[in-house]
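The listed protein sequences derive, respectively, from chains P and C.
So for the first sequence, the working numbering puts the first residue at 1; every next one is plus one.
So for the second sequence, the working numbering puts the first residue at 1001; every next one is plus one.
Fair warning: there could be bad hints in the mix.
Okay, derived cross-link-like pairs now, DSBU-like style, lysine-lysine, Cα gap no bigger than 35 angstroms in a straight line [stated by the list, open to error]:
no.: 1; chain 1: C; residue 1: K1587; chain 2: P; residue 2: K93
no.: 2; chain 1: C; residue 1: K1587; chain 2: P; residue 2: K97
no.: 3; chain 1: C; residue 1: K1759; chain 2: P; residue 2: K50
no.: 4; chain 1: P; residue 1: K93; chain 2: C; residue 2: K1294
no.: 5; chain 1: P; residue 1: K93; chain 2: C; residue 2: K1459
no.: 6; chain 1: C; residue 1: K1795; chain 2: P; residue 2: K97
no.: 7; chain 1: C; residue 1: K1294; chain 2: C; residue 2: K1061
no.: 8; chain 1: C; residue 1: K1576; chain 2: C; residue 2: K1587
Derived by calculation from the structure, the hints in this document are not laboratory data.
Each chain, letter by letter, is given below.
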Amino acid sequence: MELYMSLAIGVLFTVGVYLVLSKSLLRIILGTSFLTHGVHLLLLTMSRLKTGAAPLLGEKADAYVDPLPQALILTSIVISFGVTSFFFVLAYKAYQKLGTDDMEQLRGSDDE
Amino acid sequence: MLLLHFAIILPFLFAFIGPLLQKALPRVHTGWLMLPAPVFLFIYMMSLIPVNRERGPLQGKLSWMPSLGVDFDVYADGLGLLFALIITGIGSLVVLYSIYYLDKNKEKLTHFYVYLMLFMGAMLGLVLSDNAMVLYGFWELTSISSFLLIAFWHKRERSRYGALKSMVITVFGGLAMFAGFLLLYTVTGTFSIREWIAEAPSMANDALFLPAMLLVLLGAFTKSAQFPFHIWLPDAMEAPTPVSAYLHSATMVKAGIYLVARMSPVFAGQQAWLWLVSGFGVATLIYGSYRAMKQTDLKALLAFSTISQLGLVMSLFGLGSAAAFYTGTEQALFYSKATMAAVFHLINHAIFKGALFMTAGIVDHETGTRDIRRLGGLMAVMPISFTIAVIGAFSMAGIPPFNGFLSKEMFFTSVLNIREAELLGLHAWGALIPVIAWVASVFTFVYSMLFVFRTFGGKKSFEKLEKKPHEAPLGMLLPPVTLASLAIVFGLFPNLLSYSLIEPAMAAVHPNLLEPGKQFMVSIHLWHGFTAELYMTAGVVALGIVLFLLHRRTAVLHAPLFERVSLNRVYDSGLKLLDRFSGSVTKLYMTGSIRQYLIYIFVFIIAALGATLVSEGAVQLDTSGFADMSFYEAVIIIALILSAIAVPFANSRLMAIILTGVSGYMVTLFFVIFRAPDLALTQMIVETVSVALFLLCFYHLPKLKKEVVKLRFKLWNLLIAVGVGTVMTLVALSASGGSSFESISHYFLENSYTLAGGKNVVNVILVDFRGFDTMLEIVVLGIASYGIYALIRVKLKGDQEEGAIET
């Protein structure tokens, strides 16, 4: 399973990077969410999959999966959600003000 | 903390309180307020001479940064005192001179004197410090204060150019010297110059010894305007004349000479040291004297003359280091005469060059020009200045009975002596040095005569001048008169200096030459019989007079040398080239396109991670602990991969968003499968809200167009993307392949209920075991929402004008 998961993670990263490298801001934002998914699955995969029950002690199982990465991923999901939302609104405002979402045209001024 | 420490700090104190005093006494010329400092210091330094003779050098320690070995240790031996006397003595005279030279109502006097006092303190600290790091600190302070003084009239473009140039060159050398000191520190483990000298014999075989020597020399050569670093000195003549007299004749340009003399006991005995110091000195001597003949501006002439005289002193210190090759005292003393000549000429040069600069300043002040083509016939109207100029210039040319004659004779003696040093294989080249020295002396004679007779001799033609010339006020004449009198006194009674100044300084340069308790024999006579040196001087005078008379008629003598090629041009175009080169390099990679920057980042990730993975052999497919795959999981994986891959091909906004949402929900399903209920819940909610947000935002964004880009663009992107994907796959595999140690999670699983009273371990970790993370992630969400609110609500100026670009 880990092998296939690693492949899936690779695909998510590939798509994310490909989108981030494109010109339109819209695609770039989509790309970031793919990168986020890739990272989360990577965190999960690294800690071994399906080694036991869900980390709920009421289950009374012999073995549980590792709860620590899950806590980390949960934190990460929330943070990336916050960042992504901000990024959306930023893109929206930028388009409203500048009238383009082509990153090649959003190069800033020469005298920076 | 000695009085000597206080003496070094005193000028800084004056620099600090001077402006306050000026505020309190607005009627008084600032110079009068500052004058007590150098005068007091001069008297104090004089009083140290007998102390040094009787009880040895005055030493004082003051702890500053003991953990780094940097302490403010002072050490006043003959060499330090000699320089301190020059600094304070000429300093007093220059302050006096500047009181009459600078107009109280036209100039920013407080600035001027603050810079001057800073410089004086830095220079004193430089020559009296025993700690190399402290010396370096003062060294840079002289560079900075010199920079400020050269650009005193900062509204003139030339002043700023000269100041910048001197700054660039001297700070470059200063940093090289700093590196040299650090190398010496790594060899010896101390910054004390005393201890370096003590350890010099054991250092000679160290691999870092030669680099340290070269770097220290680079510092000395740049500061003392040795060829080819001399180019800053003529441009520094844009400074007010008192500054030129003080900094660029007597003190700062001698800092490099001081360094060579001071480090001589450490490095002497190395062939490279002797060759470099003498070689550069002689080259500078001939070059400077040749160029000085061709100048038409008085101060430029004096600047090149200073360059050449500094080369002379430098070469004498180099020749004097030959003494270190001989163990026999007899021979060693023979060569140490060069050091004697160097020290003597150092004093003489400070005296006559100061006088000459002040004379040039007087001429400038009284006529409004410094161009010798427009001057002439001032002898009748300015007799006193003329007398001073004659004494100074004849001393510079080396004509009896002035002091310059004596040091010139000793210089000839030294260059003739060096031919006999068989040890150094100087037989072939040794004969060349006297010849060069002699020719340079002829040039020196010529420009000295030019200085006097083009300015003061010839016909009166005052209609070309801006002002009607007349003799300068007495106060302005007093300092150069003092110096000129000294030139005569030391010329007639040179032995006044012998055992008071020259011998102790020689002892500091050659500390190991004599047995303890012995002294160098220093006896300088005005007349020492018909010797080779005397004939050489006679030849110099004869040929010099001939050349001087031919000067106007022979273009070779006064036309500028090589109009096309000059070191200034090299420097200027070098700076331009650097500027342009760095500009174009920056333009090359900083294009402003975010895609390019991302490409750099991703390529670096691929290269760094990929190389590490390969070189460490990290990818080990140990599938033994892997879970197996069921049918459901296969379906979900395929769905995830397909939806992800389809996104770049989507033609409409909605399609792309839905596909992204699909992959998000697939991730949710993975969380379900991999026993992570809380993750699944959160991911589902977040994904839903995200998709909603996407739809909300994209409704306002432009339609997703097919990107019309070149195929190459897409291929590059694809290549990099696949690269990153591959690397991450490998990372994932190698990370999950083999765990090197046990997870800490069993602690959470065991204690979640007993310690924290919760059965949902993930939640207990989030709010109990690792609650800080959660608190700050709440803060992140809060900040994001405030940010979004601000973005939407806050009206920036120009918001009303739709489409206006903010700048």
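Hint-by-hint comparison with the structure:
1. Pair hint K1587 of chain C plus K93 of chain P holds up; C-alpha atoms about 29 angstroms apart against a cutoff of 35 angstroms.
2. Our distance criterion of 35 angstroms between C-alpha atoms is met by K1587 of chain C and K97 of chain P, whose separation comes to about 27 angstroms.
3. The suggested pairing of K1759 of chain C with K50 of chain P holds, with an alpha-carbon distance near 19 angstroms, which does not exceed 35 angstroms.
4. Of the pairs offered as hints, the one joining K93 of chain P and K1294 of chain C is violated, with about 68 angstroms between alpha carbons and a cut-off of 35 angstroms exceeded.
5. For the given pair, K93 of chain P sits about 81 angstroms from K1459 of chain C by alpha-carbon distance, which is inconsistent with the 35 angstroms threshold.
6. Our distance criterion of 35 angstroms between C-alpha atoms is met by K1795 of chain C and K97 of chain P, whose separation comes to about 11 angstroms.
7. Taking the CA atoms of K1294 of chain C and K1061 of chain C, the gap is near 50 angstroms; set against the 35 angstroms cutoff, the hint is violated.
8. Between K1576 of chain C and K1587 of chain C, the direct Cα distance comes to roughly 16 angstroms. Compliance with the 35 angstroms bound is thereby established for this hinted pair.
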